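Please model the complete structure; the sequences and the hints are all you need to start from.
Chains as they are written, first to last, in this note's numbering: chain A, 573 to 870; chain B, -17 to 246.
Rather than coming from a laboratory, the hints here were simulated on the basis of the structure.
Please read these numbers as outputs of a predicted model, since none were measured by experiment.
Hints are not guaranteed to be accurate.
To be verified - DEER-style ranges, computed between Cβ atoms:
hint	chain 1	residue 1	chain 2	residue 2	range
1	A	G758	B	Q168	36 to 42 Å
2	B	Y130	A	A722	51 to 57 Å
3	A	G718	B	N27	43 to 49 Å
Unchecked claim - Where chain A lies over chain B, by a calculated footprint (3+ residues, C-beta under 8 Å):
hint	region
4	-5 to 2
5	94 to 106
Backbone N, C-alpha and C define an ideal beta-carbon position, used for all residues, glycine too.
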Amino acid sequence: MSELIQLVIGGLSLGSMYALIALGFVVVYKSTGVLNFAQGGLVLCGAYFCYALRNALGLPFALAVLLAVLGTALVAVLIERVVMRRMIGKPVFAVIMITWGLLIILEQVPAAVWGYDLLALGDPWGMGMAGIGGVQVLEVDLWTLGVGAAVMLAVYLFFARSRWGLAMRASALDQEAAMAQGVSPGLVFALAWAIAGVIAALAGVMLSGGVRGLSPELSLIALRAFPAIILGGMDSPVGAVVGGLAIGVAEVLTASYVAQHAPFLGQNFHLVMPYLLMTAFLLVRPYGMFGTKAVGRG
Amino acid sequence: MAAPHPQPLLVLDDVEAVYGGSILALRGISLNVPANGIVALLGANGAGKTTVLRSISGLLSWHRGRVSRGRIAYDGADIAGLGGAALVRRGIAQVMEGRRIFGELTIEENLRMGAFTRRDGAETRRTLDQVLEQFPILRERFAQPAGYLSGGQQQMLAIGRAMMARPRLLLLDEPSLGLAPIIVKQIREVIRHIAAGGVSVMLVEQNADMALSLADYGYILESGRIALEGPGPVLKENPMIRELYLGIVGAQEAEIASSGEGRR
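Following this line, the structure appears as structure tokens:
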């Protein structure tokens, strides 16, 4: 039983990061209509910014994280202003290919500078364990869960309560009508990308902290947020969170139980699990658990 | 062309507008909206009524259009090229055709969106009270998604949302479209009430009967030009208008155009 609890906490921790990455994707998709495949690249960007600030400049970890978050938000806004703004009204396929190209650039830059080796982020968690009621869990998992929950709450409060959050929701429903109330679409776009950048950077830091370490493979982890998005529904923030948590738990449980009970499936079957779930969902509910049936924006 | 009032709030002088760089939608429109009163803009589909509103409210760019000639002056200042936020802040609010409320947002949130450019909390709450007083149904269903309202109630919400900006000039695009006669009557009273409160109203309508019974002054648009203009009651008695807009619609577009030229 305690093993199951351990696994579920680990799964929720991983899943909460999938949820954050998916959330950033959904925010950009709902606000700008762009399917942003570069979201995983922003995750890398945040993690490597943090690594560089911590190890090259020797900044305290918390300050390095803060600056990495701001830097990634800036990169995201620049991408929007310099590249994506020009793609408004262009064919969806062209926009997708552009974001795909951006992903490859964001992956290759850190690989060129720091190589493919696994780096230690320089975080305070390391291998530390914490005991809750007899169950031993990784400290970094608890922190990850905490950060995940805090970010989700912040995003929720921003969209539910703030003036600009409301304007972004209105703009997603009817951009011209929002404009008629005085909302600038350009600001909405920039804000959406900035939020996606902030969330991605935090997910990047947490996903490469502690025992996990940092390497360009992080973008493969980020890619597994896509099954989460499909599971939850492309245009649903709630779906992104639920889908992310579900994928994370499924992955961790699969890893453990396959090793114990079905070793013939191989060591990495758990990495396939998110995509299996995604495929099954696409066959049964192509618009996801919480998505709007017609996802296209006309 | 004589100005209907000495000091108009809005002046369009020989305004030409194009879409996509080539399609000429307005071919030299000159009109005035007085600082107090209701002006009606009538015409068939595609005559350019909505384009006139868009060129005033700054939404033309969203449709890849622009004002290519002429001057738009509001309160004495040139406003051509200003963005939506700047125009709303100056007191120009628009109710778009088809109401365009935010269906998935609550009525409260829709009204808050109307006050998006305002940063005067206490004053905004006072405006909200006034709007809710004028439209009790909105108070009743304050926390419900706006999409659940009936068509007439949605139109009230759209007008209420625009009033949240505390405008000096209200642009109304076909507020009677698709609504039952009894609702149209209510909306007519709402517009009258708003105008009586000192807000200038520019009313675009296909329902000429309703518009001319309200308007102090009216303009008839034909193919991007003003074909005819005059005080509301006079236009209402004009035989051509009676035939084309109030009675059976004939196919005498050329005739009304030429008679319009004649009046000029």
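> CB of G758 of chain A to CB of Q168 of chain B, is that within 36 to 42 Å?
Replying inline: 38 Å, holds
> Has the region -5 to 2 of chain B got at least three residues whose CB is nearer than 8 Å to a CB belonging to chain A?
Replying inline: With 0 residues close enough to chain A, the hint is violated.
>> Quick check on a hinted range of 43 to 49 Å for G718 of chain A and N27 of chain B, using CB atoms only.
In response: Violated, since G718 of chain A and N27 of chain B (Cβ atoms, about 59 Å apart) do not stay within the stated range.
> Checking C-beta pairs, does the region 94 to 106 of chain B have three or more residues closer than 8 Å to chain A?
Replying inline: holds (count 5)
> Between Y130 of chain B and A722 of chain A, is the Cβ distance one that fits in 51 to 57 Å?
Replying inline: Taking Cβ atoms as reference, Y130 of chain B and A722 of chain A lie about 34 Å apart, which means the hint is violated.
In the structure shown, a violation is registered for the earlier hints numbered 2, 3, 4, in ascending order.
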